[in-house]
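Student: Positions 1 to 147 (this note's numbering) are the ones given, in order, by the sequence shown.
A few of these clues could be false.
With a Cα cut of at most 25 Å, we get these calculated DSS-like pairs of lysine-lysine [said to hold, decoys possible]: (1) K9 to K84; (2) K131 to K16; (3) K16 to K47; (4) K47 to K9; (5) K84 to K47; (6) K47 to K24; (7) K83 to K47; (8) K47 to K131; (9) K131 to K43; (10) K43 to K24; (11) K131 to K9; (12) K16 to K69; (13) K24 to K69; (14) K9 to K43; (15) K69 to K43.
Derived from the structure by calculation, the hints contain no laboratory data.
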Amino acid sequence: MNYTINTIKDLPIVAKELLPSIQKCRIATFSGSMGVGKTTFIKVICKELGVEDIVNSPSFSIVNEYVTKTGQTIYHFDFYRLKKIEELFDIGFEEYLDSGNICLIEWPEIAEDYLPLEKLTVRISEIEDGKRVIVAFEILKNDKNKI
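Work out the full structure, taking the sequences as your base and the hints as a guide.
Tutor: Structure representation (structure tokens):
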């Protein structure tokens with residue numbers, strides 16, 4: 001599905017629409033150039049999921065953990081600074097994926113070979129006048145369905 005974001009106020013609408021896919025797949029990747037709004041969009045998604053904690057980019061810690069009002073754990077990753085695949089294993093990335101909790105992953109490219117096939121892929125790009133386009137598609141085990 002394609003969404004045009006005219007202002008930041010449009011993000012909750014898109015986040016609400018993507019929540020069923022995020023909850024079903026549990027893994028969502030966020031790609032786009034630096035400064036395009038990946039962390040901002042994840043903040044909105046976390047708010048819609050019921051996270052009351054402050055949501056920040058985990059660019060230095062690599063992973064942040066948040067808890068929703070209902071006690072659900074959300075993991076937020078930022079792999080921008082990772083240089084070697086071994087760094088993923090050093091943080092126990094496989095255990096996070098196998099935890100059954102939602103994992104929101106910025107800059108997922110280094111981890112692509114280790115991510116499950118079933119996931120929500122979100123790509124954000126900037127267009128004219130500072131607007132953003134969000135393209136999201138859900139990949140299921142046996143087929144590729146766009147949402």
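Student: Indicate, hint by hint, whether the structure satisfies it.
Tutor: Here is what the structure says about each hint:
1. A C-alpha spacing of about 37 Å is found between K9 and K84, which places the hinted pair above 25 Å, so the restraint is violated.
2. This hinted pair checks out: K131 and K16 have alpha carbons roughly 19 Å apart, not beyond 25 Å.
3. As the CA atoms of K16 and K47 are separated by approximately 10 Å, the hinted pair is consistent with the 25 Å bound.
4. For the given pair, K47 sits about 13 Å from K9 by alpha-carbon distance, which is consistent with the 25 Å threshold.
5. Taking the CA atoms of K84 and K47, the gap is about 32 Å. The hint is violated against a cut of 25 Å.
6. Restraint check: the Cα-Cα separation between K47 and K24 comes to about 18 Å, which is no more than 25 Å; the hinted pair holds.
7. Our distance criterion of 25 Å between C-alpha atoms is broken by K83 and K47, whose separation comes to about 30 Å.
8. Pair hint K47 plus K131 holds up; C-alpha atoms about 22 Å apart against a cutoff of 25 Å.
9. Only pairs whose Cα atoms come within 25 Å are accepted, and K131 paired with K43 is accepted, the gap being roughly 18 Å.
10. About 19 Å separates the Cα atoms of K43 and K24, which keeps this hinted pair within 25 Å; it holds.
11. Between K131 and K9 the alpha-carbon distance is near 12 Å, which keeps this suggested pair within the 25 Å criterion.
12. Of the pairs offered as hints, the one joining K16 and K69 holds, with about 17 Å between alpha carbons and a cut-off of 25 Å not exceeded.
13. As the CA atoms of K24 and K69 are separated by approximately 19 Å, the hinted pair is consistent with the 25 Å bound.
14. Simply put, K9 and K43 have alpha-carbon atoms about 13 Å apart, close enough for the 25 Å limit, and the pair holds.
15. Of the pairs offered as hints, the one joining K69 and K43 holds, with about 15 Å between alpha carbons and a cut-off of 25 Å not exceeded.
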